[in-house]
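S.K.: Listed here are the chains, written in short residue letters.
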Amino acid sequence: MVRFENVTFEYIRRDEEGNVDSITTALDELSLHIKKGEFIAVLGSNGSGKSTFARHINALLKPTEGKVVVAGYDTTDDDNILEIRQRAGMVFQNPDNQIVAETVEEDVAFGPENMGIPTDEMQKRVDEALKKVGLYKKKLESPNRLSGGQKQRVAIAGILAMKPDCIIFDEPTAMLDPGGRRMIVETAHELNKKDGITIILITHNMEETVGADRIIVMEKGRIALEGTPRQVFSKGEETLKKYGMEVPVITALAQKIGLDGCILTREEFVDAYVKALE
Amino acid sequence: MSITFDKVDYIYGKGTSFEKRALKDISFHIRDGEFVGIIGHTGSGKSTLIQHMNGLLKCTGGNVYYDCKDISNREYDRKTLRQNVGIVFQYPEHQLFEATVGKDVAFGPNNLNIPGLQADVRTYEALKSVGIDDSLLDVSPFDLSGGQKRRVAIAGVLAMKPKVLVLDEPAAGLDPVGRRDILDMIARIRREENITVILVSHSMEDVAEYVDRIMVMNDGALEMDGTVSEVFARRKELEEMGLSVPQISLLMGDLEDAGIIKDTGIYTMEEAVRVLSQKLLDRRGRNQ
Ligand SMILES: Nc1ncnc2c1ncn2[C@@H]1O[C@H](COP(=O)(O)OP(=O)(O)O)[C@@H](O)[C@H]1O
Ligand SMILES: Nc1ncnc2c1ncn2[C@@H]1O[C@H](COP(=O)(O)OP(=O)(O)O)[C@@H](O)[C@H]1O
Ligand SMILES: [Mg+2]
Ligand SMILES: [Mg+2]
Numbered sequence: 001m002v003r004f005e006n007v008t009f010e011y012i013r014r015d016e017e018g019n020v021d022s023i024t025t026a027l028d029e030l031s032l033h034i035k036k037g038e039f040i041a042v043l044g045s046n047g048s049g050k051s052t053f054a055r056h057i058n059a060l061l062k063p064t065e066g067k068v069v070v071a072g073y074d075t076t077d078d079d080n081i082l083e084i085r086q087r088a089g090m091v092f093q094n095p096d097n098q099i100v101a102e103t104v105e106e107d108v109a110f111g112p113e114n115m116g117i118p119t120d121e122m123q124k125r126v127d128e129a130l131k132k133v134g135l136y137k138k139k140l141e142s143p144n145r146l147s148g149g150q151k152q153r154v155a156i157a158g159i160l161a162m163k164p165d166c167i168i169f170d171e172p173t174a175m176l177d178p179g180g181r182r183m184i185v186e187t188a189h190e191l192n193k194k195d196g197i198t199i200i201l202i203t204h205n206m207e208e209t210v211g212a213d214r215i216i217v218m219e220k221g222r223i224a225l226e227g228t229p230r231q232v233f234s235k236g237e238e239t240l241k242k243y244g245m246e247v248p249v250i251t252a253l254a255q256k257i258g259l260d261g262c263i264l265t266r267e268e269f270v271d272a273y274v275k276a277l278e
Numbered sequence: 001m002s003i004t005f006d007k008v009d010y011i012y013g014k015g016t017s018f019e020k021r022a023l024k025d026i027s028f029h030i031r032d033g034e035f036v037g038i039i040g041h042t043g044s045g046k047s048t049l050i051q052h053m054n055g056l057l058k059c060t061g062g063n064v065y066y067d068c069k070d071i072s073n074r075e076y077d078r079k080t081l082r083q084n085v086g087i088v089f090q091y092p093e094h095q096l097f098e099a100t101v102g103k104d105v106a107f108g109p110n111n112l113n114i115p116g117l118q119a120d121v122r123t124y125e126a127l128k129s130v131g132i133d134d135s136l137l138d139v140s141p142f143d144l145s146g147g148q149k150r151r152v153a154i155a156g157v158l159a160m161k162p163k164v165l166v167l168d169e170p171a172a173g174l175d176p177v178g179r180r181d182i183l184d185m186i187a188r189i190r191r192e193e194n195i196t197v198i199l200v201s202h203s204m205e206d207v208a209e210y211v212d213r214i215m216v217m218n219d220g221a222l223e224m225d226g227t228v229s230e231v232f233a234r235r236k237e238l239e240e241m242g243l244s245v246p247q248i249s250l251l252m253g254d255l256e257d258a259g260i261i262k263d264t265g266i267y268t269m270e271e272a273v274r275v276l277s278q279k280l281l282d283r284r285g286r287n288q
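One line per chain: the protein sequences are A and B, in this order. Just so you know, my numbering puts 68 at position 68 of the first sequence, and the rest follows in order with no gaps. Just so you know, my numbering puts 87 at position 87 of the second sequence, and the rest follows in order with no gaps.
Note that these hints are calculated values from the structure, not bench results. There's no promise every hint is true.
To be verified - Listed below are the simulated DSSO-like cross-link pairs for lysine-lysine, each with C-alpha atoms no more than 30 Å apart in a straight line:
(1) A/Lys131 x B/Lys58
(2) A/Lys35 x A/Lys235
(3) B/Lys58 x A/Lys256
(4) B/Lys14 x B/Lys79
(5) B/Lys14 x A/Lys138
(6) A/Lys137 x B/Lys24
(7) B/Lys7 x B/Lys103
(8) B/Lys58 x A/Lys132
(9) A/Lys67 x A/Lys124
(10) B/Lys161 x A/Lys256
(11) B/Lys69 x B/Lys103
(12) A/Lys139 x B/Lys163
(13) A/Lys163 x A/Lys137
(14) B/Lys163 x A/Lys137
(15) A/Lys275 x B/Lys79
(16) B/Lys20 x A/Lys137
(17) B/Lys128 x A/Lys241
(18) A/Lys67 x A/Lys256
(19) A/Lys220 x A/Lys67
(20) A/Lys138 x B/Lys20
(21) A/Lys256 x B/Lys279
(22) B/Lys163 x A/Lys235
(23) B/Lys103 x A/Lys275
(24) B/Lys14 x A/Lys139
(25) B/Lys24 x A/Lys138
(26) A/Lys138 x B/Lys236
(27) B/Lys128 x B/Lys58
(28) B/Lys24 x B/Lys58
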């Protein structure tokens, strides 16, 4: 679904005369293959290159060197951009910056409209997408009146209306209250399970990653660690700290009281604790 | 300084068709030196509430007192109020604007007409207390990392030497290590400077770990106000308000439901480790 081949990306800053002022290598010969239907969580400290990585998937950025291929389309070829943007949608951190229209329904229709989808087909898609994120009843309301979590779900519906193969979430829960967070993470999992949509979730919240198929930890534009949540979180606190991470709270507690195995969820904890007491 | 809100009401756009009653009859008293957390769903009124704390917004009903003095009084010195009550808004780094780190932090003191040398001292001290090295004084804030920018912005508020420090989600968007660093730093500053700290947060974990008392906002009303354990004992109500309880509380609840432990009201890692290890030890003792 998504393939990075030796991708290097440099942000080049220039002074007024156009001379190069500084170069930041944000991706450093990164190679990665994401399969269709995978749920990937991307972790790593601030500035490790996560957003730069994400922006390459829907061709907002293009590699300085190397190649990114999304659903068979090379992102460096400008003729492919519409195809790529339709297949890979992106949800950002700030819910307020993503609202473009007066009503929820118009907001969701914005993307497909730009793709030239006929009106009746579009109405169908918009309704379907809004039902999926649980906001159909609010379709005639102003998006500005919604909560942060609801605004994020409007953004998700806008992507769904384009019938994407893949959704990239760049810290979508950072500004949300606990209820909003829960809802967004649940929605992402549901879209992955029921509709087979490939999910790439960037987050600083360790709890949000335990349900992922694979975790990728970035550092200085490279992949520092990679594996199932259990593999990654069993690396221990010291290793994870180097990458700006912690182990999930439940995992940390289990490790501290000496429960065997790498425990990720509350259910696993209760089972393991009961066993330990026997 | 102690803070008292007495039946405070606030209406946005009063008299227009957009009227919005954002604060409803809010009363509380915060003692000097307390560490208070404010939680609440988005739109519950947290930001509106904290803007009343330094007079940025004036209540449309009720009164706000500092050390028992009504701040709406004509004689009340608002300039001193702004100085005494420092507010660090959400994503404060977006408001950095000076050419260098030093100038940015000194902006507040300079504005107060504090003499040059004294302002410099304050700038140094503030940067030191947020852990930004002197060598960065002449660097542009825009060349710093996200976490460093956030620290510089907080230093700008600390340079005013506030007696009350209010922070709106100071750790939002930071990675877990950066998050812990910032919160540890705030806790340390509170201890060292003996100031009142009010922390608005969406993280139940952070609130559980750092503050002594929690105020819960819901739809403009102060729905709960109590110790951390009192508030987190009311899980169902919190969830209905779009909030939650810390992971540890949820787990202890599961263990209780499974009949393994009794109701403990435990919400911190430390306590959970203590109680759960003790139980394991007891069991092993009996098995021997
Ligand atoms: N527009 C930009 N111009 C220059 N440098 C940038 C820009 N955006 C990001 N960077 C730099 O690229 C690196 C990676 O940033 P980013 O991809 O945003 O990381 P993350 O999302 O993991 O926090 C950082 O060093 C950052 O400072
Ligand atoms: N400048 C404003 N004008 C009108 N309504 C506002 C304004 N700022 C906030 N509100 C409304 O007041 C309520 C409380 O908002 P706010 O204090 O920002 O909540 P929180 O910080 O808890 O998210 C919300 O319904 C919000 O939409
Ligand atoms: Mg980012
Ligand atoms: Mg707010």
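S.K.: Can you name, in rising order, the numbers of the hints this structure does not satisfy?
M.R.: 1, 3, 7, 8, 9, 10, 11, 12, 14, 15, 18, 22, 23 and 27
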